[in-house]
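So the sequences go chain by chain: H and E. Under my numbering, the first residue of the first sequence is numbered 853, with each subsequent residue one higher. Under my numbering, the first residue of the second sequence is numbered -6, with each subsequent residue one higher.
Because the hints were derived from the structure by calculation, they are not lab data. Any given hint could turn out to be false.
Claimed, not checked - Computed Cβ-Cβ distance ranges for the label pairs, DEER-style:
1. E:Ala211 <-> H:Thr957: 29 to 37 Å
2. H:Pro1180 <-> E:Phe394: 40 to 48 Å
3. H:Gly1148 <-> E:Ile427: 23 to 31 Å
4. E:Ser168 <-> H:Asp1067: 47 to 55 Å
5. E:Gly174 <-> H:Thr998: 43 to 51 Å
6. H:Arg1078 <-> E:Arg398: 24 to 32 Å
7. E:Thr204 <-> H:Thr996: 26 to 34 Å
8. H:Thr945 <-> E:Ala136: 50 to 58 Å
Beta carbons are placed, not taken as given, at the ideal position from N, Cα and C, and that holds for glycine.
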Amino acid sequence: MVDVLAEWSDYSGGHWGALGPSKAGPTQWGGVNMLLSRQGGLVPTCASRWLQLNASPLGRVWGMHWAWGADGRVYFVQQSGTSTNTSVVYRYTPNPASLPNTLSTTTTFTHVPTTDPDWVNVGTTVYVTFYGKKSYAINTDANTMTVLTGSDGDAPAGRTIALYGEQLLIGGISDARFGIHDNRIIFSGDLTSDPTEPEDRTAWQDLNFFDLGADNSFIVGLYTIRDFLVAITEDQQIWVLTGTPGSTLSARRVYGFNKASGGLTAFKAAHAQVDPSQTKLWMFDHSIRGPQRFNGANVTRVPAFGVPHADREGDDLVEGAMTMHGGPDEFVMDRVAVPRTAGAGVDGHRMLLVRLGGVWTLIQNDNIAARH
Amino acid sequence: MPTATVLMRYAEGNENSPIVTDTTITPTANALQLLQISTNDSVTPSTVTAVTGCGLTWVEVANLLYDDVGVRRGRLQLFRAMSAAPTAGVLSITFTGQISNEEFAAQWVEITGVSTGGTNGSGAIVQSVTASGTSTTPSATLAPLATAANPSYGIFALNTNGFPADNDDAFTAASGYEEIGEWGYRKEDGTTVANWYIAGATEWKKIGSTTVNGTYYASNTWGAIALELDGTDTAGAGALATLASDVPYLTSNDRYEIALCADRGTSTTDPEFRHWYAGPPLWGEAVAGDASYPTQYTLDENSLYTPGSLELPFQDFKGKEATIQGVYVEFNTRPSSISESIASTYPIGFTASVQGYGVPNYSRTTTNSLTTGVHTSTTVTYTASAGYQADEPWPNTRGAFLPIRMDQRVKKARVTLTDIHLVEIVNVQLIGDIHPPRTA
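My request is simple: use the sequences and hints to build the entire structure.
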């Protein structure tokens, strides 16, 4: 007698990752480009679509920053395609409902980046640091960018910038005033006049610095979770810093003790993000090309995704960019590696890993991958 | 990514009909062929009535008599063609009357990466408008683009008394537009050199806009034809250019956006910078049962769209064996977005197959093709058309039975759905018969 042999109506378990169809739970599933809808069904989603801007300036783009919480605009730096030593900072308000979005120029300045800048919002100001050049403050109301400087001199420039307490910290230093110091962090604040008021972010005194680890540990990411600062180096060492820079600071390394020969030096600031809960850091682990999280004490990998990278040197630096969205533990991570069990039609090199509503899913992003 | 290539320019004067071009051209299969023809004369210029050649059927798109007064008068015509199997050859252009004291100039542009629908390129041209005037800024305005991503294309012609010393600088494309080409021809017969030029230019913008314009070096009477091209590359299935040094920068909102940066390079032919947005599509909120459909955009078949695939875990029949009769799928069609001007009906569907494990009739053999006891069914595809969500009750749940038979007895089975487009999968059932295990 004909009967229903099996029924699948609950998809809340998310993508089965490395488990495959035999070991997956009854609510898990494989495949790509399917998201869990609020009604519990699965809906296909496009990989991506482009939203036109009203202009397309020439030149390589070196980084974007959504000033969410500052003015809601997206800022990006573009090396001029017509002038050899000039870059332009543009901005636009992303609005898919009204196209094209309008580009406007924030500033044109004499510099060609050699690596991505790093950005941080403080109130309505966006601070941006250009390794090898200078750090700047963008006034989002006036749409101007000025050199971050004060009575002690210009602020340093480095690979990464973060706000820790009231102080700005810049790590992985290279600029004309402070020189080149891969493992150095320099902090703001006028601590000589009044050590109890460190919030002067234009004050960058000569001795307001400290070094982490060996001098070849290149600091590329600074993040603030809970009440401490996390510093990540290019080879994925993780340091936790507590206390106040300039007075009670202490630092300890919690991950990355044993560097194998030919270890990966591929980490960039955009490869880690502070979770909206502010209690953990999600990051792209280049050694497995998959996600991992750091709660301040332990590093935990997500076993379902990621496999060892064929190229241990990590030349493919485009992988790993990520962003948080929505609630805690919800993020998008670009170009994770996935096992073959991920499903039909999976291309292991062009996967977007999405965690939405507690459910993992994979998006095959040929459109974006085509631009790598 | 659409590309435009000038295949030919040809100029002639004082010739009888037909004019036969002198360069053998091999058009690309399934590429849009655009042939613009300018004629000018001291009287009403001739009209081209037919174009043949290269195995193409040329269809007139526009015939604009942009100047019928004065010393020199001008006509601009545009023909389109497209073929899956064009042949190499020359063009034969038939026109009314004799070109006495008349100049003739033609430019043939081939465009790839646009829709191959319709016949002879009709699907590749969404709309065309013509305009004429006297100024330094020829311009034509399109109606709102059917799809914001479609390219806009401009064709300009004019007669000029004199020409810049550097012929390449007569025309400047509008901001955001890329000039495809410009030319100016004048009659020279022995000792007599005319001052009047028959001139023209073409430009396009790969992410189009409704205003199609440019600037000529001096004020003249001009004619313009503006086109909106359908940028759907159905043949290439959305194949896009590859850039060497792009880096993604992810930003966040309540839905995720990927703000991608392209290396715009230093050449105007490099792919354009774009801001990328990646799902979830806003219609995902609508399937929550919100009767207030989002006014923001959603996806349609013409967007850069990737269908979904869904693989379900195995169902173990616990010692028994099963034969499969089919797969029943319950699904909701997704709403369309008014702001995208989607057609009133659109195709939906998915393809299903079943895999059975532990098929006793299959044996393992140590050969190049190892038989592993797995049987995969043939695929069955469901397709239908769905209308505007506003026209249908919510939720518009539908069911489809896909008759996927597997007569071999299997111990485990699973279902795979591929090419899922524009539906929400709600429930999947595997239908069949359970049999007690066979005894020896």
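Hints, verified against the model:
1. E:Ala211 <-> H:Thr957: 29 to 37 Å: holds, 32 Å
2. H:Pro1180 <-> E:Phe394: 40 to 48 Å: For Pro1180 of chain H and Phe394 of chain E the Cβ distance comes to about 42 Å; the hint holds.
3. H:Gly1148 <-> E:Ile427: 23 to 31 Å: Given about 53 Å between the Cβ atoms, the range is violated.
4. E:Ser168 <-> H:Asp1067: 47 to 55 Å: holds, 50 Å
5. E:Gly174 <-> H:Thr998: 43 to 51 Å: Because 45 Å falls inside the window, the suggested range holds.
6. H:Arg1078 <-> E:Arg398: 24 to 32 Å: violated, 59 Å
7. E:Thr204 <-> H:Thr996: 26 to 34 Å: holds, 31 Å
8. H:Thr945 <-> E:Ala136: 50 to 58 Å: With a Cβ separation near 26 Å, Thr945 of chain H and Ala136 of chain E fall outside 50 to 58 Å, so the hint is violated.
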